[in-house]
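Add chain B to chain A, keeping to what the hints say.
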Amino acid sequence: MRHRGPHLLGVLLVLVISLALVVITMAGATQRTTAAPPKLIVGILHIGSVTDGGYNQAHAEGIRYMQRTLPQVEVIEVENIPEGADAERVMESMVQRGARLIIAASFGYLDPALNVAKRHPDVKFEHPSGYKLAPNLGTYWANTQDGFYLMGMAAGKMTKTHKAGFVVALPVSFFLANVNAFHLGARSVDPQFETRVVFTGTFLDPGKEATAANALLDQGADVMAMIVDSPITVVQVAERRGAYSVGYHYVGVQKFAPKGWISGLAFNWGPLYVRFARAVMDGTWKSESIYGSVASDYLIIAPFGTAVPASVVRQVSASKQAMIGGQLRVFAGPIKDNRGVVRVAEGQILTDQDFGRMDWLAEGVVGQPR
Amino acid sequence: MSVPFLESVLLGAILSGTPLLYAALGEVIEERAGIVNLGLEGVMLMGAVTSFAITVQTGSAALGVLAGATAGSLFNLILALLVVTRRANQLASGLALMFFGVGLSALLGAPYIGSRIAGLNPLEIPTLAHLPYLGALFRSDILVYLAMPAAALVWWGLFRTRWGLSLRAVGENPTAAYAAGYSPRAIQYQALFIAGLFGGIAGAELSIGIAKTWAEWMTAGRGFIAVALVIFSRWHPLRTVWGAVLFGGAVALQLQLQARGASVSPFLLDTLPYLLSLGVVLIWAGGRHHAAPASLGRVFEGTE
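Which chain is which? The protein sequence lines are A and B, in order. Mapping of the first sequence onto the numbering used here: position 321 corresponds to residue 321, and the numbering continues sequentially without gaps. Mapping of the second sequence onto the numbering used here: position 140 corresponds to residue 140, and the numbering continues sequentially without gaps.
Looking at chain A on its own, in the form it has when it is part of the complex (with noise of 0.2 angstroms):
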């Protein structure tokens, strides 16, 4: 029996589907904070989502403190944008739409940014950790090594059992260095301290970042960090687990972990969007590198957990003023890595132009770094 004419159900799903293009296009619609006449607007995109207790909440938590110090200046913010020409189309329009500054918050829009600006030699551009500019296109970003190290130095005096579980996305250069500089921080204070490194293949995958951390755990350690995209899973499972965490990215993923916080590195991008948009307003803006460290105001330690002894906050501290002062080096030689070769010879220091070409763990890091 075939049914013939206007069929309810048919109407119905043409109906529903309808409604629900509504919603995403309303949604997926920017939103405007409109003060006054505005003397700057500025665009901004994000890879993810702007509450991920995460990346992208912290280059969005920047934002907010620049709309509060220069009230003048009008917001475009997108998330969920994909690399690519998805990204190069949100920047277009934003252009469109007056944005004289357009911040692309994430690695993979580097290239999509740079066609853009060349075709909008007026407007200025701003890429996180980028390596190439562009008359109109500066990048920004830190040494979080660092950082790390004092992370390290922490978790050294905390753990009891001498062990670090590090869930890790991808064994690329930085990351790898990030771990590098973390293990070293502790054993300065633990010279018997190990850390175990899982790589999971993928910057967001709760489930499969709760079931690294879960065997991290299992294999005894009880301080747990991580290099993905929303540390929450991992700081959620370590709480659960009686661990430690040490979070990165954003200072609010804290209250996942009430009693097993230590501290985090986080990014408190605000300052530096301030004098980005203040440039760009009084025309002194300029294409450069900027590139920050733990003495920069962006790249901060994050307040330390209850567990946290007040004596290990100041050896923190005290190390972080002699990194300051230039007396503390991370990748002062000699280092060997895990397989008893020596990478790092006795009088040699590395610097960040080493960074990038990283492809070993240190020794005491139980991991495969390729």
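Hints are not guaranteed to be accurate.
As the list claims (entries may be wrong) - Partial list, computed: chain B residues near chain A (C-beta under 7 angstroms):
id : residue
1  : Leu15
2  : Ser16
3  : Val56
4  : Ser60
5  : Arg139
6  : Ile142
7  : Ala220
8  : Ala252
9  : Gln258
10 : Ala259
11 : Gly261
12 : Asp270
13 : Leu276
14 : Gly279
As the list claims (entries may be wrong) - These stretches of chain B come out as covered by chain A in the derived footprint (C-beta under 8 angstroms, 3 or more residues):
id : segment
15 : 188-196
16 : 209-218
It is worth saying that the hints were derived from the structure and are not from the lab. For glycine and all other residues, C-beta sits at the position ideal for the given N, C-alpha and C.
This is chain B only, laid out in the frame that chain A set:
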């Protein structure tokens, strides 16, 4: 302090395998009724996001599971509308359903990212929880305990009830089933509704059981792996248990090997679950008896 290797791998296998098992059970029911659902990924995501949101709102993980299952089945009815009522192509409709689920769940879940929940807590079974090697199994959440009974229930439903017989008849030959007095469309609707429940529960286990967080596309391909597991287990609900445990176990094993410092490249280890599945399919593929429902994927045009 450290947990023995076997126990750790076993627990990891159960943990990674449970969402896969629920999803695969749902897919078995659908495919036995003649419908391939490539939108399972989207169904799981709808279950995951709904259960997380409801758990945040009400604080009750039980309500969360219930809501997730309901959302999964309602969402799956969209597929029923497309392929049963409108007789659309099953593969295309399934893929459309997947993308719709990915987008809609991301939209619905956005306000809940970063929320904190207690989620499904482990229920410790006295004495059993302290067994050597197996102890960790008895400190799992309720959905883990119910997974294998669920497989048995699906087996019983499909192979020991009249309804199951009619469902399988529709999957083999809908025209004959119609001639025998069954309504293929009604049965396919029922199959998709129940399959959606399972898909929704699979998502709930992932978001409020394992990860206790919501992230966009957090299923990360598990829906497709579940579809493959159904083929792997040759459309039999009890064999899906082995498939899910094997695949989940391979994931757990590779992470565990890394944590123990095995000297194998992490890239190679990451392919281990897929290599293992390929190997098993290769070995099993020789069987003469191919169990795919005869009318799987075909559009029932009616009997005019």
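Outcome, coverage hint (the segment 209-218 of chain B, chain A; C-beta under 8 angstroms; three residues) | holds (count 8)
Restraint satisfaction for Ser60 of chain B [CB to CB of chain A, less than 7 angstroms]:
violated, 19 angstroms
Holds or violated: is there a CB of chain A closer than 7 angstroms to the CB of Gly261 of chain B? Since chain A brings a Cβ to about 4 angstroms from Gly261 of chain B, closer than 7 angstroms, the hint holds.
* chain A contact restraint on Ala220 of chain B - CB to CB distance below 7 angstroms -> holds, 4 angstroms
Requested in this report: Could you check if Gln258 of chain B really has its C-beta closer than 7 angstroms to a C-beta on chain A?
Outcome: holds, 4 angstroms
Item to complete: Hold the hint about Ile142 of chain B up to the distance rule: shortest CB distance to chain A must be less than 7 angstroms.
Response: It is violated, given that the least Cβ distance between Ile142 of chain B and chain A is near 16 angstroms, above 7 angstroms.
| message | Hint validation: Leu15 of chain B versus chain A, beta carbon distance must be below 7 angstroms. Holds or violated? | response | holds, 6 angstroms
For this session: Verify the interface restraint on Arg139 of chain B: the C-beta must sit less than 7 angstroms from at least one C-beta of chain A.
Result: violated, 11 angstroms
- Holds or violated: is there a CB of chain A closer than 7 angstroms to the CB of Ser16 of chain B? holds, 5 angstroms
Margin query: Using a Cβ cutoff of 8 angstroms, are there at least 3 residues of the segment 188-196 of chain B near chain A, or does the coverage claim fail?
Written below: Our answer is that it is violated, as 0 residues pass the Cβ test (under 8 angstroms) against chain A, missing three.
Quiz prompt | chain A contact restraint on Gly279 of chain B - CB to CB distance below 7 angstroms | solution = violated, 20 angstroms
Have a go at the Asp270 of chain B hint: is there a Cβ in chain A nearer than 7 angstroms to its own Cβ? Holds - the Cβ of Asp270 of chain B comes within 7 angstroms of chain A, reaching about 4 angstroms at its closest.
Of the numbered hints given earlier, the model fails hints 3, 4, 5, 6, 13, 14, 15; all others are met.
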